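Listed here are the chains, written in short residue letters.
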Amino acid sequence: MDTLLVLVSIIDATLRVATPLVLAALGGLYAERSGVVDIGLEGKMLGAAFAAAAVAAVSGSALLGLVAGVAVSVALALVHAYASVTHNGNQVVSGMAINIMVAGLAPTLGVAWFRQGGQTPQLAGDARFTPIDLPFARALESVPVVGQLYSEIISGHNLIVYIAAAAVPFSAWLVFRTRFGLRLRAVGENPHAVDTAGVSVADMRYRAMVLCGVLCGIAGAYLSTAHSAAFVRDMTAGKGYLALAALIFGKWKPWPTLTACLLFAFTDAVQVRLQGVPLPLVGVIPVQFIQAIPYILTVLLLAGFVGKAAAPRASGIPFVKDR
Amino acid sequence: MIRASFAALSLAALAFTTPVSPAEFSAAVVFDMGGKFDKSFNEAAYHGAERFKKETGISYREFEVTQEAQRDQGLRNMARRGANMIIAIGFAQATPLEKVAKEYKHARFTIIDAVVDLPNVQSVVFKEHEGSFLVGMAAAMASKTGKVGFIGGMDIPLIRKFALGYVEGAKYVNPAAEVFQNMTGTTPAAWNDPTKGGELARSQFDRGADVIYAAAGGTGIGVLQAAKDNKKLAIGVDSNQNHLQPGFVLTSMIKRVDVAVYEAFKSAKDNKWKGGVKVLGLKEDGVGYSMDEHNKALITADMKAKLDAARADIIAGKIKVTDYMAKK
Numbered sequence: 000m001d002t003l004l005v006l007v008s009i010i011d012a013t014l015r016v017a018t019p020l021v022l023a024a025l026g027g028l029y030a031e032r033s034g035v036v037d038i039g040l041e042g043k044m045l046g047a048a049f050a051a052a053a054v055a056a057v058s059g060s061a062l063l064g065l066v067a068g069v070a071v072s073v074a075l076a077l078v079h080a081y082a083s084v085t086h087n088g089n090q091v092v093s094g095m096a097i098n099i100m101v102a103g104l105a106p107t108l109g110v111a112w113f114r115q116g117g118q119t120p121q122l123a124g125d126a127r128f129t130p131i132d133l134p135f136a137r138a139l140e141s142v143p144v145v146g147q148l149y150s151e152i153i154s155g156h157n158l159i160v161y162i163a164a165a166a167v168p169f170s171a172w173l174v175f176r177t178r179f180g181l182r183l184r185a186v187g188e189n190p191h192a193v194d195t196a197g198v199s200v201a202d203m204r205y206r207a208m209v210l211c212g213v214l215c216g217i218a219g220a221y222l223s224t225a226h227s228a229a230f231v232r233d234m235t236a237g238k239g240y241l242a243l244a245a246l247i248f249g250k251w252k253p254w255p256t257l258t259a260c261l262l263f264a265f266t267d268a269v270q271v272r273l274q275g276v277p278l279p280l281v282g283v284i285p286v287q288f289i290q291a292i293p294y295i296l297t298v299l300l301l302a303g304f305v306g307k308a309a310a311p312r313a314s315g316i317p318f319v320k321d322r
Numbered sequence: 000m001i002r003a004s005f006a007a008l009s010l011a012a013l014a015f016t017t018p019v020s021p022a023e024f025s026a027a028v029v030f031d032m033g034g035k036f037d038k039s040f041n042e043a044a045y046h047g048a049e050r051f052k053k054e055t056g057i058s059y060r061e062f063e064v065t066q067e068a069q070r071d072q073g074l075r076n077m078a079r080r081g082a083n084m085i086i087a088i089g090f091a092q093a094t095p096l097e098k099v100a101k102e103y104k105h106a107r108f109t110i111i112d113a114v115v116d117l118p119n120v121q122s123v124v125f126k127e128h129e130g131s132f133l134v135g136m137a138a139a140m141a142s143k144t145g146k147v148g149f150i151g152g153m154d155i156p157l158i159r160k161f162a163l164g165y166v167e168g169a170k171y172v173n174p175a176a177e178v179f180q181n182m183t184g185t186t187p188a189a190w191n192d193p194t195k196g197g198e199l200a201r202s203q204f205d206r207g208a209d210v211i212y213a214a215a216g217g218t219g220i221g222v223l224q225a226a227k228d229n230k231k232l233a234i235g236v237d238s239n240q241n242h243l244q245p246g247f248v249l250t251s252m253i254k255r256v257d258v259a260v261y262e263a264f265k266s267a268k269d270n271k272w273k274g275g276v277k278v279l280g281l282k283e284d285g286v287g288y289s290m291d292e293h294n295k296a297l298i299t300a301d302m303k304a305k306l307d308a309a310r311a312d313i314i315a316g317k318i319k320v321t322d323y324m325a326k327k
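Protein chains in written order, with numbering that gives the first Met the number 0: chain A, 0 to 322; chain B, 0 to 327.
For the record, the hints were derived by calculation from the structure and aren't laboratory data. Among the clues, some could well be false.
Cut-off 20 Å, straight-line C-alpha distance, at most; resulting in silico cross-link-like pairs (EDC-like, lysine to aspartate or glutamate) [to be verified]: (1) B/52 / B/71; (2) B/227 / A/11; (3) B/52 / B/307; (4) B/35 / A/233; (5) B/227 / A/151; (6) B/35 / B/61; (7) B/268 / B/61; (8) B/319 / B/116; (9) B/104 / B/71; (10) B/227 / B/291; (11) B/230 / A/194; (12) B/35 / B/23; (13) B/230 / A/132; (14) B/273 / B/291; (15) B/227 / A/125; (16) A/252 / A/321; (17) B/319 / B/283; (18) B/170 / B/307; (19) B/265 / B/61; (20) B/271 / B/71; (21) B/227 / A/194; (22) B/230 / A/188; (23) B/268 / B/71; (24) B/295 / B/283; (25) A/320 / A/132; (26) B/230 / A/11; (27) B/98 / B/54.
Distance ranges between label pairs, derived from CB positions [stated by the list, open to error]: (28) B/266 / A/108: 36 to 42 Å; (29) B/71 / A/320: 38 to 44 Å; (30) A/310 / B/242: 49 to 55 Å; (31) A/254 / B/291: 48 to 54 Å; (32) A/255 / B/324: 21 to 27 Å; (33) B/291 / A/294: 41 to 47 Å; (34) B/230 / A/172: 37 to 43 Å; (35) B/71 / A/233: 48 to 54 Å; (36) B/67 / A/140: 47 to 53 Å.
Treat the numbers as computed from the prediction; the structure is a model and nothing was measured. Glycine is no exception: its CB is placed at the ideal position from the N, C-alpha and C atoms.
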């Protein structure tokens, strides 16, 4: 019984931590599948987190905050697209520029608007996404195992967690089962062929970047208005890069990427619970070692189990028509 | 009539132009990572400095460290621009301060939370273990499950000192009490990660804790938020944080950094400032627990009586609280 409770709480934490990773990694998936390398996931999330928290604080509505976060993130994605698609700029440089710009700009605007040292005011009530109880969750609570799993793990998350959960099958369908998806993948593999077939490469890449922006925007809004209750300087804390790692780990496919995100989040949830707990045979493990576990695991898995991770062939290469 | 008012006016003008203090007094504060508005440690220092400014009308310069490498620059810039009473907030500034204080011998420095042994440095340290002991008692008394939690910021001896005092306090009330301990991280970023703080708090609530003490600067905001979300209790730190989530903050372990900063400025202005080490504990009112209208309903009269008795016993030396940093 007790083990079940521990397991439930670990899975719960895994879902909470994985949500922004899943959304950002899927955003990266669209971008990279279309041939645009996007290391600006981090910056887009951070920008969206700030915009969402700021608008939610002023308007008192979490949904308006979400809209603002998505708008800012899409705007940043379009900047990236403008630099790297329209002007064939270096995609890594452009993405990095966005990260650095947002890291500085968001706290600066925060200081100017809210005068709380770059943070936004604490959000309460409707300004945050609060847990949703799914139908029958309360009624099924007493049913052993199945009912508990339903009421504890599946029910009781906030809206964005469910959005993230829906985004994975949706992306899998969109990328692999639709005409748009076929063109998207083709643009990332062989843009010249797509161009010959009469489809605009730039147009496809712009669309992919907008999708990427929307997903990163939701991820950012989750960080500041659902998972915590305010924007804090550098609150993404490398999650954008972790999402990129998950994307590579998942070989640019939605379901494996989801698995990778869940794995990262799971190790994180476990390390939190292992701290200071004596383990059989080994005793208490130092905090430093525990906190390194997710990263050690990542390196090991990347080195040993993923096999060859082949990126979309035209990823990172600006498309220039031969004359 | 007109002449009289004119005279009064010129007198007032004279009062304004005459400097209140000798021109050479110039004050500065260097805040540490976590930022001036962390609602906790740095903010307490900010309030102390603001109080000084309000009372004397003398403004001060300030610098907020956002990266480790900036501590040295911050202190050095202040000294170079002629500030001669510089307060460094936080243990992490000890090493850069040692360097800078040797170069600018004319300037006076006060450092909070660390000891730097130089003639022009005043070190102010607190007996956090004593205050933590009291809030540990409060936690154990308020807990229904007999399980309480502790969430530290960066894993450093100073925070272990908070933790040990807290554990001893909890066990003093309930020898069978179980205390969960988590550290947020091992880098200074751990002072400013409320998301992680909230996640750690939830993991402890899930394991049955119902009161959690956060000694983690800005990270603690996430712990307090998680307490509210889960309808459990949290204990604030450094500043009085009871008002942040009213009804869900049992009390706060207050550390009078504000008083230390204020006194340093004030004594320097009055030319009474002295180097050396100042240790502030329960006896000196340097640490304590907070009571206000927000937690009135949470701390019963019985609890308060026990806390006050323990406070008197610690001051009298009847209860010995182990100082983690003196242990080795």
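How the hints compare with the structure:
1. This hinted pair does not check out: residue 52 of chain B and residue 71 of chain B have alpha carbons roughly 25 Å apart, beyond 20 Å.
2. For the suggested pair residue 227 of chain B and residue 11 of chain A, the alpha carbons sit about 18 Å apart, so the restraint of at most 20 Å is met.
3. This hinted pair does not check out: residue 52 of chain B and residue 307 of chain B have alpha carbons roughly 34 Å apart, beyond 20 Å.
4. Taking the CA atoms of residue 35 of chain B and residue 233 of chain A, the gap is about 16 Å. The hint holds against a cut of 20 Å.
5. For the hint pairing residue 227 of chain B with residue 151 of chain A, the CA-to-CA distance comes to about 19 Å; that is within 20 Å, so the pair holds.
6. At roughly 9 Å between alpha-carbon atoms, residue 35 of chain B and residue 61 of chain B fall within 20 Å of each other, so this suggested pair holds.
7. Distance check on the hinted pair: residue 268 of chain B and residue 61 of chain B sit about 17 Å apart at the alpha-carbon level, within 20 Å; holds.
8. Our distance criterion of 20 Å between C-alpha atoms is broken by residue 319 of chain B and residue 116 of chain B, whose separation comes to about 27 Å.
9. In summary, the hint linking residue 104 of chain B to residue 71 of chain B is supported, as the alpha carbons are separated by about 16 Å, within the 20 Å threshold.
10. Taking the CA atoms of residue 227 of chain B and residue 291 of chain B, the gap is about 18 Å. The hint holds against a cut of 20 Å.
11. Annotation: proposed proximity of residue 230 of chain B to residue 194 of chain A is violated, straight-line Cα distance about 58 Å (limit 20 Å).
12. Note on residue 35 of chain B and residue 23 of chain B: the hinted pairing is violated, with a Cα-Cα distance of about 26 Å set against a maximum of 20 Å.
13. Our distance criterion of 20 Å between C-alpha atoms is met by residue 230 of chain B and residue 132 of chain A, whose separation comes to about 16 Å.
14. Our distance criterion of 20 Å between C-alpha atoms is broken by residue 273 of chain B and residue 291 of chain B, whose separation comes to about 34 Å.
15. Our distance criterion of 20 Å between C-alpha atoms is met by residue 227 of chain B and residue 125 of chain A, whose separation comes to about 15 Å.
16. Between residue 252 of chain A and residue 321 of chain A, the direct Cα distance comes to roughly 31 Å. Violation of the 20 Å bound is thereby established for this hinted pair.
17. Using a Cα cut-off of 20 Å, the hinted pair residue 319 of chain B and residue 283 of chain B holds, with the two alpha carbons roughly 17 Å apart.
18. Simply put, residue 170 of chain B and residue 307 of chain B have alpha-carbon atoms about 17 Å apart, close enough for the 20 Å limit, and the pair holds.
19. As the CA atoms of residue 265 of chain B and residue 61 of chain B are separated by approximately 17 Å, the hinted pair is consistent with the 20 Å bound.
20. Distance restraint check for residue 271 of chain B and residue 71 of chain B: the Cα-Cα separation of roughly 27 Å exceeds the 20 Å cut-off, and the hinted pair is therefore not satisfied.
21. The suggested pairing of residue 227 of chain B with residue 194 of chain A is violated, with an alpha-carbon distance near 56 Å, which exceeds 20 Å.
22. Of the supplied pair hints, the one linking residue 230 of chain B and residue 188 of chain A is violated, its CA atoms being roughly 52 Å apart against a limit of 20 Å.
23. Using a Cα cut-off of 20 Å, the hinted pair residue 268 of chain B and residue 71 of chain B is violated, with the two alpha carbons roughly 25 Å apart.
24. Of the supplied pair hints, the one linking residue 295 of chain B and residue 283 of chain B is violated, its CA atoms being roughly 24 Å apart against a limit of 20 Å.
25. A C-alpha spacing of about 53 Å is found between residue 320 of chain A and residue 132 of chain A, which places the hinted pair above 20 Å, so the restraint is violated.
26. The hinted pair formed by residue 230 of chain B and residue 11 of chain A meets the criterion: a straight-line CA distance of about 17 Å does not exceed 20 Å.
27. The straight-line distance between the Cα atoms of residue 98 of chain B and residue 54 of chain B is roughly 32 Å, outside the 20 Å bound, and the hint therefore fails.
28. Remark: the range hint 36 to 42 Å for residue 266 of chain B to residue 108 of chain A is upheld by a beta-carbon distance near 39 Å.
29. Taking 38 to 44 Å as the suggested C-beta distance range, the pair residue 71 of chain B and residue 320 of chain A does not conform, at roughly 53 Å.
30. In this structure, residue 310 of chain A and residue 242 of chain B meet the distance hint of 49 to 55 Å, their C-beta atoms being roughly 52 Å apart.
31. Look at residue 254 of chain A against residue 291 of chain B: about 53 Å separates their beta carbons, and that is inside 48 to 54 Å.
32. Take residue 255 of chain A and residue 324 of chain B: their Cβ atoms lie about 48 Å apart, and the range 21 to 27 Å is violated.
33. Look at residue 291 of chain B against residue 294 of chain A: about 43 Å separates their beta carbons, and that is inside 41 to 47 Å.
34. Between residue 230 of chain B and residue 172 of chain A the CB atoms are about 40 Å apart, so this pair conforms to the stated range of 37 to 43 Å.
35. Checked against the hint of 48 to 54 Å, the C-beta distance between residue 71 of chain B and residue 233 of chain A comes to roughly 21 Å, which is inconsistent with it.
36. In this structure the supplied range 47 to 53 Å holds for residue 67 of chain B paired with residue 140 of chain A, their Cβ-Cβ distance being about 48 Å.
This entry does not satisfy hints 1, 3, 8, 11, 12, 14, 16, 20, 21, 22, 23, 24, 25, 27, 29, 32 and 35, going by the numbered hints stated previously.
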